[in-house]
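K.L.:
Single-letter residue listing:
2 protein chains.
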Amino acid sequence: DAAAGKEKAAVCTTCHGADGISQLPNAPHLAGQPEVYVVEQLKAYRSGARKNEMMTVIAQPLSDQDIDDLAAWFASIQVTATVP
Amino acid sequence: DAAAGKEKAAVCTTCHGADGISQLPNAPHLAGQPEVYVVEQLKAYRSGARKNEMMTVIAQPLSDQDIDDLAAWFASIQVTATVP
Chain L
86 DAAAGKEKAA VCTTCHGADG ISQLPNAPHL AGQPEVYVVE QLKAYRSGAR
136 KNEMMTVIAQ PLSDQDIDDL AAWFASIQVT ATVP
Chain H
86 DAAAGKEKAA VCTTCHGADG ISQLPNAPHL AGQPEVYVVE QLKAYRSGAR
136 KNEMMTVIAQ PLSDQDIDDL AAWFASIQVT ATVP
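Top line first, the protein sequences correspond to chains L and H. Throughout, my numbering is defined as the position within the first sequence, counted from one, plus 85. Throughout, my numbering is defined as the position within the second sequence, counted from one, plus 85.
Be careful, since some hints might not be right.
The calculated DSSO-like cross-link candidates involving lysine-lysine, where the alpha carbons are at most 27 Å apart (straight line), are [what the hints assert, rightly or not]:
{"no.": "1", "chain 1": "L", "residue 1": "128", "chain 2": "L", "residue 2": "91"}
{"no.": "2", "chain 1": "L", "residue 1": "93", "chain 2": "L", "residue 2": "136"}
{"no.": "3", "chain 1": "L", "residue 1": "136", "chain 2": "H", "residue 2": "128"}
{"no.": "4", "chain 1": "H", "residue 1": "93", "chain 2": "H", "residue 2": "136"}
{"no.": "5", "chain 1": "L", "residue 1": "91", "chain 2": "L", "residue 2": "136"}
{"no.": "6", "chain 1": "H", "residue 1": "136", "chain 2": "L", "residue 2": "136"}
{"no.": "7", "chain 1": "L", "residue 1": "93", "chain 2": "L", "residue 2": "128"}
{"no.": "8", "chain 1": "L", "residue 1": "128", "chain 2": "H", "residue 2": "136"}
{"no.": "9", "chain 1": "L", "residue 1": "128", "chain 2": "H", "residue 2": "128"}
{"no.": "10", "chain 1": "H", "residue 1": "128", "chain 2": "H", "residue 2": "93"}
{"no.": "11", "chain 1": "H", "residue 1": "128", "chain 2": "H", "residue 2": "91"}
{"no.": "12", "chain 1": "H", "residue 1": "136", "chain 2": "H", "residue 2": "91"}
A short list of chain H residues far from chain L (calculated; beta carbon distances all over 10 Å) [claimed, not checked]:
{"no.": "13", "residue": "92"}
{"no.": "14", "residue": "96"}
{"no.": "15", "residue": "110"}
{"no.": "16", "residue": "120"}
{"no.": "17", "residue": "132"}
{"no.": "18", "residue": "138"}
{"no.": "19", "residue": "139"}
{"no.": "20", "residue": "141"}
{"no.": "21", "residue": "142"}
{"no.": "22", "residue": "145"}
{"no.": "23", "residue": "146"}
{"no.": "24", "residue": "147"}
{"no.": "25", "residue": "149"}
So the derived list for chain L, only partly shown, Cβ under 7 Å to chain H, looks like this [said to hold, decoys possible]:
{"no.": "26", "residue": "105"}
{"no.": "27", "residue": "116"}
{"no.": "28", "residue": "146"}
{"no.": "29", "residue": "168"}
{"no.": "30", "residue": "169"}
Derived from the structure by calculation, the hints contain no laboratory data. Note that beta-carbon positions come from the ideal geometry of N, C-alpha and C, so glycine has one too.
Can you build the whole structure from these sequences, using the hints too?
P.N.:
Structure below.
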């Protein structure tokens, strides 16, 4: 549920931006990212299969429902790409 | 060097798209991703710190210059995000 994900994504905006466009050089854009990819990465951070100081802390308390909602929210953001 | 990175990124387009917009549900958009982030991730795949069947194979032969060029290329793609 993207709307629920938007609420839950409040904590993400500091690094990943309110619109999913990264605010930090070492944080990725999450805008429009495919749901399956986001779910896989959040679960990897939660399990420790993927390691990042910040994301390990963020992901640990997330439920599967939280993860699905967050992924739905970021996937719902429309992105366009223009090649130089 | 983004231009050199564009050439080297030919192999990436199958999954990540010619414009960095993912073609697969479990592959991320790379369009506009911050250079530092892309460099970190490619080096993590190369060293095995981050694991993915496909990306481990792709990253293993890359030189530091290749990685810098690829990151410069993807960062050079302009992205816009529209929140629903």
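K.L.:
Hint by hint, say whether it matches the structure.
P.N.:
Tested hints:
| no. | hint | in the structure |
| --- | --- | --- |
| 1 | 128/L x 91/L | holds (18 Å) |
| 2 | 93/L x 136/L | holds (21 Å) |
| 3 | 136/L x 128/H | holds (14 Å) |
| 4 | 93/H x 136/H | holds (21 Å) |
| 5 | 91/L x 136/L | holds (24 Å) |
| 6 | 136/H x 136/L | holds (10 Å) |
| 7 | 93/L x 128/L | holds (16 Å) |
| 8 | 128/L x 136/H | holds (14 Å) |
| 9 | 128/L x 128/H | holds (21 Å) |
| 10 | 128/H x 93/H | holds (16 Å) |
| 11 | 128/H x 91/H | holds (18 Å) |
| 12 | 136/H x 91/H | holds (24 Å) |
| 13 | 92 | holds (13 Å) |
| 14 | 96 | holds (17 Å) |
| 15 | 110 | violated (4 Å) |
| 16 | 120 | violated (7 Å) |
| 17 | 132 | holds (12 Å) |
| 18 | 138 | holds (12 Å) |
| 19 | 139 | holds (13 Å) |
| 20 | 141 | holds (13 Å) |
| 21 | 142 | holds (18 Å) |
| 22 | 145 | holds (18 Å) |
| 23 | 146 | holds (22 Å) |
| 24 | 147 | holds (19 Å) |
| 25 | 149 | holds (17 Å) |
| 26 | 105 | holds (5 Å) |
| 27 | 116 | holds (4 Å) |
| 28 | 146 | violated (22 Å) |
| 29 | 168 | holds (5 Å) |
| 30 | 169 | holds (5 Å) |
Violated hints for the displayed structure, listed by number in ascending order: 15, 16 and 28.
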